[in-house]
Amino acid sequence: MLDILLFAVPAGLVILGALIVIFAKNPVHNSMGLVLTLASLAIIYITLNATFVAMVQMLVYAGAVMTLFLFVIMMIGVDKPDQTREEIKGQTLLVSGTLFILIGIISYVVIKSGFKWDLWFPAVDYSLEGTPDLIAGSLFTEWVLPFEMISILLIVATSAAIALAYDTKPKKKI
Amino acid sequence: MIEVSTDWYLTLAAVLFSIGFIGMMIRKNALIMFMCIELMLNSVNLTFIAASRHFGTIEGQISVFFVLVVAAAEVVVGLAIIVSIFKKQSSASVDLLRSSRG
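Just so you know, the sequences run in chain order A and B.
Mapping of the first sequence onto our numbering: position 147 corresponds to residue 147, and the numbering continues sequentially without gaps.
Each number in our numbering corresponds to the 1-based position in the second sequence with 174 added.
So that you can see chain A by itself, here it is in the shape it has in the complex (with noise of 0.2 Å):
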């Protein structure tokens, strides 16, 4: 009963933060939606004895990369409520119509299946804790190339941002 409560709240309030995030008008409002989910993502990652990743989880998502969601809002304010108006027109008629035909064709798929997913092969039945210590064992041993290459994508998209704020131009004085 117990497991069955720590997987159907958090999943409730990812839902419910991810409809937030996409249906709310103020930006703020929709930031917060996503620091929602990303929380709950991380109790579920506890549940699923991934502590270290849910750990990381905290940190980065609903801490650094929230953050400066919320820089960027603040920067360039908040919507004005004649943004939302139709610019190609017919959009909105052919994106829902897509929509409706994807998403009845995927529930058809999972309803008629019963919710079960051919995994091929069992569930093993020992759990991995995964702690720091075994990660990083696995992440700098057998996973230590791609680890590397993880650095070089940081600095390249950290010179890129530089390179992209800095204005080249003097400014004119108006």
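Treat each hint with caution, since some may be false.
Using 30 Å as the maximum straight-line C-alpha spacing, the simulated BS3-like pairs for lysine-lysine come out as follows [stated by the list, open to error]:
| # | chain 1 | residue 1 | chain 2 | residue 2 |
| --- | --- | --- | --- | --- |
| 1 | B | Lys202 | A | Lys25 |
| 2 | B | Lys261 | A | Lys116 |
| 3 | A | Lys25 | B | Lys262 |
| 4 | B | Lys202 | B | Lys262 |
If you only want the chain B side, here are some residues facing chain A, beta carbon under 7 Å, derived [to be verified]:
| # | residue |
| --- | --- |
| 5 | Ile196 |
| 6 | Met199 |
| 7 | Ile206 |
| 8 | Met207 |
| 9 | Ile223 |
| 10 | Ala247 |
These are calculated hints, taken from the structure and not from any lab test.
All of these numbers come straight from a predicted model, not from anything done at the bench.
Glycine is no exception: its CB is placed at the ideal position from the N, C-alpha and C atoms.
The hints should help you fit chain B onto chain A, whose structure is shown.
What follows is chain B alone, placed relative to chain A:
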């Protein structure tokens, strides 16, 4: 007695991905579209961790680690682009980006 199986987590990940995709389609603000990308990436992370638990291996969690770093890099570059677009047209709506047409 019902047991929480991997199927439940996969269904939750599918629902989360669908919501992110719908948001990507119906919203026009570039910032909100970025948040929807984050939703989709997180649903993939949930799939990885559920599979890691299902098969009893640690590789799924390491993949999540890499996805997380790539997402952070993507957010940094994407938000810089949004800010520079905003400087130009003082709006974050993607419909007004006709100027980037080739």
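Comparing the hints with the structure gives:
1. A distance of roughly 12 Å separates the Cα atoms of lysine 202(B) and lysine 25(A); the hinted pair therefore holds under the 30 Å criterion.
2. Between the alpha carbons of lysine 261(B) and lysine 116(A) the distance comes to roughly 49 Å, so the proposed pair goes past 30 Å and is violated.
3. Between lysine 25(A) and lysine 262(B) the CA atoms are separated by roughly 23 Å; this keeps the pair inside 30 Å, and the hint holds.
4. Only pairs whose Cα atoms come within 30 Å are accepted, and lysine 202(B) paired with lysine 262(B) is accepted, the gap being roughly 17 Å.
5. At its closest, the beta carbon of isoleucine 196(B) sits 6 Å from a beta carbon of chain A; the interface hint therefore holds under the 7 Å criterion.
6. Look at methionine 199(B): its Cβ gets to within about 5 Å of chain A, closer than 7 Å, so that hint holds up.
7. Interface hint at isoleucine 206(B): satisfied, since its Cβ lies 6 Å from the closest Cβ of chain A, which is below the 7 Å cut-off.
8. Using the Cβ-Cβ criterion of 7 Å, the hint placing methionine 207(B) at the interface with chain A is not satisfied: the shortest such distance is roughly 10 Å.
9. Against a cut-off of 7 Å between C-beta atoms, the interface hint on isoleucine 223(B) holds, since the closest Cβ of chain A lies about 5 Å away.
10. Annotation: interface hint on alanine 247(B) holds; nearest CB of chain A at approximately 4 Å, less than 7 Å.
This entry does not satisfy hints 2 and 8, going by the numbered hints stated previously.
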